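Chain residues, written in single-letter form:
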Amino acid sequence: MPPSKRCEEWLGRISLYLDGELAEHLCQELEQHLKECPDCHVVFNTTRRTIELYRRYGRVSMPEGARESLFRALNLEDLLREEPGSE
Amino acid sequence: MPIARRMKGELSEADLLDALRRGDRQAFAAMIDRCGDTVYHVAYRLLGSQEEAEDILQETFLQAFRHLKDFRGEARLCTWLYRIAYNLALMRLRRKEPETISIDQPILLENDEEIPRELFDWCCLPEEELLRAELRSVLDEAIRNLPASLRTVFLLRDVEGLSTEEVAEILGISTDAVKTRLHRARLQLRERLSRYFSEELAGR
Ligand SMILES: [Zn+2]
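Listed in order, the protein sequences are those of chains B and F.
With our numbering, the residue at position 83 of the first sequence is 83, and numbering never jumps.
So our numbering is basically just the index in the second sequence, starting at one, shifted up by 1000.
Same shape as in the complex, but just chain F (with noise of 0.2 Å):
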């Protein structure tokens, strides 16, 4: 069955994989509109620059028409396509900073960041007030100043809304690394968001 139209959500995994295989270019559109937002989110977090992001979109697709025959189907295409992003942003940020990356090497446990120290309470604080406290850029640069391996777990899980399994197999590593990993990740951007609008918003 050819695909006519390509229809986000309504097309299953199999007819989709299917139709790749078939060389259907309306298929590949398809898996873009599909996979490409978060394969650029990764990609884009990891290297922090927008054009470094655009490349590894392209080499990955690029990457993963040509080897199409190897997917087995057993993760879901997106799921395959999100590893080979990982691991390409992986190895550009390897050969751009060699000295920082220790990424699949267990964390050591001395980043303070974890025991909560700031305790103003902005939980409740209405939504305008935070946004007026330039909220996205705040996102931002505390997202960007977690280590490289907190942060891809706490983007496909929490931002991308991904299973633990899921992320297990992207980055290669168990679910109970997984879940650790999105704990400490969690408590250190609660930390930095915390001084933040402490500074900004106590008191007021």
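Pulled out of the complex, with its shape left as it was, chain B reads as follows (with noise of 0.2 Å):
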């Protein structure tokens, strides 16, 4: 079941609020609508979840074959053994 209007309402502020960018008594009344609501409880707790997992485990890097050929674009194979930060 779709939460209702005033829910949408409050639904719609969670990333401000997560990003620290929600005014203080939005703040304060969202906290309360989260500790009444069960449903948009769940949306917030599952959203601030999403967040983390994609924090964690979404990045991608170079595969070690392309920064090589980067390296080989640039002329600088010379260097692709030192790597970052060591001595």
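By construction, these hints were calculated from the structure, which means they are not laboratory data.
No experiment lies behind these values; they were computed from the predicted model shown.
A few of these clues could be false.
Just some of the chain B residues that point at chain F, by a computed CB distance under 8 Å [unchecked claim]:
1. D39
2. V42
3. V43
4. T47
5. R55
6. G58
7. S69
Estimated spans, in silico, between C-beta atoms of each pair [as the list claims (entries may be wrong)]:
8. F:N1145 <-> B:L80: 33 to 41 Å
9. B:L76 <-> F:C1124: 46 to 54 Å
10. F:S1163 <-> B:L80: 25 to 33 Å
11. B:H25 <-> F:R1021: 48 to 56 Å
12. F:R1025 <-> B:H25: 53 to 61 Å
13. F:C1124 <-> B:E77: 47 to 55 Å
14. B:E29 <-> F:E1010: 38 to 46 Å
15. B:P63 <-> F:E1128: 26 to 34 Å
Here are some, though not all, of the chain B residues that point toward chain F, as calculated from beta-carbon distances under 8 Å [said to hold, decoys possible]:
16. E8
17. T50
18. L76
No residue lacks a Cβ here, since even glycine has one placed at the ideal position from N, Cα and C.
Join the two chains, each given in its own frame, into one complex according to the hints.
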């Protein structure tokens, strides 16, 4: 069952809340609503968890082969083996 | 001062830029170390293929090094590179799928995935439970299915951790547009993950 109109308004603000950009008095009202409304509570918690999961597992880095070709394309292949931060 | 070693975080932006302008090869390598992963990530998520992401990676750095004199130092060096990468990837995407890309236009409000429907509460299941459900491929699939305009905002803000202002600069949109798109991306991803977890994990 989709949440009510009032709930939609609160859900529209959860990103601002999560990013610390929601005005303080609205933060308190939102927190109050989350306490009273199990549906919004679930949406809020699972949204936060979604972000956490992507932060932890969503990154993609250059595959080693791509990095090597890049260094070669820029005539830097002699610097390839020097790892960042190594002595 | 020549850069003897390329130390990822320790060299200041200004020193790195000086070294680059002098043509210091170590500085070029340092710039790859610093910005390369995110450049690749942007291209990969937009184009969906490793091979094409590699092309964009090379084109981006070639173009950046060729045009270093145009860089006025107002943004971070990496931000400037991400912007080049984004534009190159976008051009290629438009060539590939001209009909699907309206990335700069306001998004229509018709996508009903933003009204939360799936209320299975998986937030607090232990990670092993979620991992058992092939988490990575689920995450990949969900982000791949986002509209490109939302996908890029989400990956730069939430995955790569860039600021709203930086993302606005890279994409050439307003900070308000970044915030709106981010919110919509999050809700759509939440909906997809919830649907998946509720099928996989509910009632066990
Ligand atoms: Zn509610």
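Structure-based check of all given hints:
1. D39: holds (6 Å)
2. V42: holds (5 Å)
3. V43: Holds, about 5 Å.
4. T47: holds (5 Å)
5. R55: For R55 of chain B, the interface hint holds, since the closest Cβ of chain F sits about 6 Å away, which is under 8 Å.
6. G58: Holds: closest Cβ of chain F sits about 4 Å from G58 of chain B, inside 8 Å.
7. S69: holds (7 Å)
8. F:N1145 <-> B:L80: 33 to 41 Å: holds (36 Å)
9. B:L76 <-> F:C1124: 46 to 54 Å: holds (47 Å)
10. F:S1163 <-> B:L80: 25 to 33 Å: holds (32 Å)
11. B:H25 <-> F:R1021: 48 to 56 Å: Taking Cβ atoms as reference, H25 of chain B and R1021 of chain F lie about 50 Å apart, which means the hint holds.
12. F:R1025 <-> B:H25: 53 to 61 Å: holds (56 Å)
13. F:C1124 <-> B:E77: 47 to 55 Å: Taking Cβ atoms as reference, C1124 of chain F and E77 of chain B lie about 49 Å apart, which means the hint holds.
14. B:E29 <-> F:E1010: 38 to 46 Å: With Cβ atoms ~45 Å apart, the hint holds.
15. B:P63 <-> F:E1128: 26 to 34 Å: holds (27 Å)
16. E8: Given a least distance of 7 Å, the restraint on E8 of chain B holds.
17. T50: holds (5 Å)
18. L76: holds (5 Å)
Of the numbered hints given earlier, the model fails none.
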